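S.K.: Could you slot chain L onto chain R? The hints should help.
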Amino acid sequence: MFSLRWPQVAVASGVLLLGLVVLWQTFQIPVSPLYARIGPKVVPFAVSFGLIALGLALAVQSVTGRWTDEAELQDEPVDWPSLGWLGLGLVLNLTLIGPLGFVIASTLMFVCVARAFGSRRPLFDTGVGVIVALVAYLGFDKVLGINIGAGILEGLL
Amino acid sequence: METLAALGNGFAVALTPINLVWAAVGVTVGTAIGVLPGLGPALTIALLLPITFKVDATAAFILFAGIYYGAMYGGSTTSILLNTPGESATIITSLEGNKMAKRGRGAAALATAAIGSFVAGTFGTVGITFLAPVVVEFALKFGPAEYFSLMVLAFVTVSAVLGSSAIRGLITLFFGIFLGLIGIDLQSGQPRFTFGLPELLDGVNVLIVAVGLFAVGETLFLAARRKHAPEGVLPVTGSLWMSKEDWRRSVGPWFRGTAVGFPIGAMPAGGAEIPTFLSYWMEKKLSKKPEEFGKGAIEGVAGPEAANNASAAGVLVPMLTLGLPTSATAAIMLSAFQSYGINPGPLLFQTQPDLVWGLIASLYIGNVMLLVLNLPLVGLWVKILKIPEPLLYGGILIFATIGTYGISQSPIDLVILYVVGGIGYLMRRFDFPTAPVIIGMILGPLAEQNLRQALTISQGDVTTFVTRPLSATLLAISLLLVLLPVIWTLVRRRRA
Numbered sequence: 001m002f003s004l005r006w007p008q009v010a011v012a013s014g015v016l017l018l019g020l021v022v023l024w025q026t027f028q029i030p031v032s033p034l035y036a037r038i039g040p041k042v043v044p045f046a047v048s049f050g051l052i053a054l055g056l057a058l059a060v061q062s063v064t065g066r067w068t069d070e071a072e073l074q075d076e077p078v079d080w081p082s083l084g085w086l087g088l089g090l091v092l093n094l095t096l097i098g099p100l101g102f103v104i105a106s107t108l109m110f111v112c113v114a115r116a117f118g119s120r121r122p123l124f125d126t127g128v129g130v131i132v133a134l135v136a137y138l139g140f141d142k143v144l145g146i147n148i149g150a151g152i153l154e155g156l157l
Numbered sequence: 001m002e003t004l005a006a007l008g009n010g011f012a013v014a015l016t017p018i019n020l021v022w023a024a025v026g027v028t029v030g031t032a033i034g035v036l037p038g039l040g041p042a043l044t045i046a047l048l049l050p051i052t053f054k055v056d057a058t059a060a061f062i063l064f065a066g067i068y069y070g071a072m073y074g075g076s077t078t079s080i081l082l083n084t085p086g087e088s089a090t091i092i093t094s095l096e097g098n099k100m101a102k103r104g105r106g107a108a109a110l111a112t113a114a115i116g117s118f119v120a121g122t123f124g125t126v127g128i129t130f131l132a133p134v135v136v137e138f139a140l141k142f143g144p145a146e147y148f149s150l151m152v153l154a155f156v157t158v159s160a161v162l163g164s165s166a167i168r169g170l171i172t173l174f175f176g177i178f179l180g181l182i183g184i185d186l187q188s189g190q191p192r193f194t195f196g197l198p199e200l201l202d203g204v205n206v207l208i209v210a211v212g213l214f215a216v217g218e219t220l221f222l223a224a225r226r227k228h229a230p231e232g233v234l235p236v237t238g239s240l241w242m243s244k245e246d247w248r249r250s251v252g253p254w255f256r257g258t259a260v261g262f263p264i265g266a267m268p269a270g271g272a273e274i275p276t277f278l279s280y281w282m283e284k285k286l287s288k289k290p291e292e293f294g295k296g297a298i299e300g301v302a303g304p305e306a307a308n309n310a311s312a313a314g315v316l317v318p319m320l321t322l323g324l325p326t327s328a329t330a331a332i333m334l335s336a337f338q339s340y341g342i343n344p345g346p347l348l349f350q351t352q353p354d355l356v357w358g359l360i361a362s363l364y365i366g367n368v369m370l371l372v373l374n375l376p377l378v379g380l381w382v383k384i385l386k387i388p389e390p391l392l393y394g395g396i397l398i399f400a401t402i403g404t405y406g407i408s409q410s411p412i413d414l415v416i417l418y419v420v421g422g423i424g425y426l427m428r429r430f431d432f433p434t435a436p437v438i439i440g441m442i443l444g445p446l447a448e449q450n451l452r453q454a455l456t457i458s459q460g461d462v463t464t465f466v467t468r469p470l471s472a473t474l475l476a477i478s479l480l481l482v483l484l485p486v487i488w489t490l491v492r493r494r495r496a
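Protein chains in written order, with this note's numbering: chain R, 1 to 157; chain L, 1 to 496.
The hints are simulated quantities; they were obtained by calculation from the structure and are not laboratory data. Note that the structure is a prediction, hence the values are computed from the model and not measured. You may find that some hints are simply not true.
[Said to hold, decoys possible] Not everything, but these chain L residues come out facing chain R in the computed CB check (under 8 Å):
{"id": "1", "residue": "144"}
{"id": "2", "residue": "178"}
{"id": "3", "residue": "224"}
{"id": "4", "residue": "350"}
{"id": "5", "residue": "386"}
{"id": "6", "residue": "387"}
{"id": "7", "residue": "389"}
{"id": "8", "residue": "393"}
{"id": "9", "residue": "418"}
{"id": "10", "residue": "452"}
{"id": "11", "residue": "457"}
A virtual CB, placed ideally from N, CA and C, is assigned to each residue, including glycine.
Only chain R is shown next, with the shape it has when bound in the complex (with noise of 0.2 Å):
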């Protein structure tokens, strides 16, 4: 019964080393002496040391094999080109979204999630994604009265 899995063995890695990160952080709050016994760390501490052990339990598992889960869905294979357009949509809105404003950032993001989802149709989708960008826009920022802040098409409206 062993049947080590590398992707397995990462996570449970990944939960460890949070649980050591929340460890580092927890001795980095500062404590007046007012608290001493019942101060801000106890529960960081109790989060700290579960992450660990349980990460620990975790590794076990994934190390003997006796990790169970939806099976089918460890061995799928990941379509990499549609996360590929998806990440990109998601970039490229970040990093126009101050600049351009949220609408044509927006947009750009959903005609490549679009694309991620198959489509084929970027002139379509572009028009879809700019209704929909406006109708999020002013529902939230006109409605709402939420600031989305400036960018090149809000000015206009």
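M.R.: For chain L alone, kept in the frame of chain R given last:
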């Protein structure tokens, strides 16, 4: 009598034209997002959290409750016609309902789901009406020690007991508590886990985490496995009016499902999975035609669908009376209360009677609206289901962006959104439950606060949690729930 008078006042609040409009908007939006695969009530309410700055609390909660109930109705439409249940609690509905739709009985399946949801929603609301004041009486005796132990019990049940793996459930719970701890500690004024970033001093916004997990994470997950796309939408066939036999076979399951769902939902454990599975199993045992199960038995839709809705109603009892959310949606509603400076708990019924009873009354009204929306107008929702995937997920991400960016127009928030989304993707792929993250994030800081208050009262004596009988009982139950499965597997392994 007192309860009925309070409920009467609640109706006076809920029946004002403006609140009726909020309820109607809520149930309509709720049904729509329930129908759309990949969207859920937790995500929607999170995206709408900013309205808490604009409208008064009663209106906001009437809207949120409408979304919450509406999503339950809408979810059944999707699982019957699409066979990709939006949430785990509707897996069972798709089991039988999708088979019925394939056999040309989709309309009857939709009808029994809608009427069953109405029966369960209404009786569940009756349950809230009469159980809540009782729990309030009881909860008034709770001190910080009891609250802390109760939260520990809730933590254990939502993460370790429900779901496929206790270890993975607890990991996501601790991750959520960690997220909740980020920012300035309110009692000592010390910053925690801010990594030197001033943006993190105020903490991580639950809106970003919910949207990251449920919108970005889910979209990444679906994009990554696009080659394994599910089958298409089935057309609604058959008469929308259930035959006499359909009625005869549905009434029992509706009421039994409600009877199973509400109490389990109302327990501090929560979760809609167990009651729906229990109801399905029960109907299969009781059925005169058990051979139909797995091939489209109407009882298998009617019972679990009622159990699902009744438990959703039940979840509101600990949320309103104890401030204890046991589902992701309830946790986000709790954070909405916090943004109004209102603390749900037994005192809520005394300090905010209009809000609480107006909310409960609007649940009755919303249920009636939902029956109308989901029976005669079901064709409309089927059209929504046909929105092509590329446009649907593009739109979801646009709303995710605007909801997040609207908090403070800061690209840092978008970075956090994407990081949480990436983690959400990994969680979906490696089968970690997501709800404990949200629950831990909201409930973790509250549990810490109660822990410290209890220890301040006991002057640092930790035995306070085990010497107070009620607190000790709650902790003992939590411990048993963790240990029993472990002992069980050990015993079985020894026998084998």
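S.K.: Given residue 452 of chain L as an interface hint, is its Cβ closer than 8 Å to any Cβ of chain R?
M.R.: 5 Å, holds
S.K.: Holds or violated: residue 224 of chain L as interface residue toward chain R, Cβ cutoff 8 Å?
M.R.: Since chain R brings a Cβ to about 5 Å from residue 224 of chain L, closer than 8 Å, the hint holds.
S.K.: Does the CB of residue 144 of chain L sit less than 8 Å away from some CB of chain R?
M.R.: 12 Å, violated
S.K.: Measuring from the C-beta of residue 418 of chain L to each C-beta in chain R, is the shortest one below 8 Å?
M.R.: 6 Å, holds
S.K.: Given a cut of 8 Å on the nearest C-beta pair, is the interface hint for residue 457 of chain L held or broken against chain R?
M.R.: Status violated, d = 11 Å.
S.K.: Let's test the interface hint: is any C-beta of chain R closer than 8 Å to that of residue 386 of chain L?
M.R.: 15 Å, violated
S.K.: Going by Cβ atoms only, is residue 178 of chain L closer than 8 Å to chain R?
M.R.: Cβ of residue 178 of chain L sits 5 Å from chain R, so the hint holds.
S.K.: Holds or violated: is the Cβ of residue 393 of chain L closer than 8 Å to a Cβ in chain R?
M.R.: Nearest chain R Cβ about 5 Å off; hint holds.
S.K.: Using Cβ atoms only, decide whether residue 389 of chain L comes closer than 8 Å to chain R, and label the hint accordingly.
M.R.: 5 Å, holds
S.K.: Classify the hint on residue 387 of chain L as holds or violated, based on whether any CB of chain R lies nearer than 8 Å to its CB.
M.R.: 10 Å, violated
S.K.: Quick check on the hint: residue 350 of chain L CB to chain R CB, less than 8 Å?
M.R.: With Cβ-Cβ at 30 Å, over 8 Å, it is violated.
Hint violations for this structure: numbers 1, 4, 5, 6 and 11, all remaining hints satisfied.
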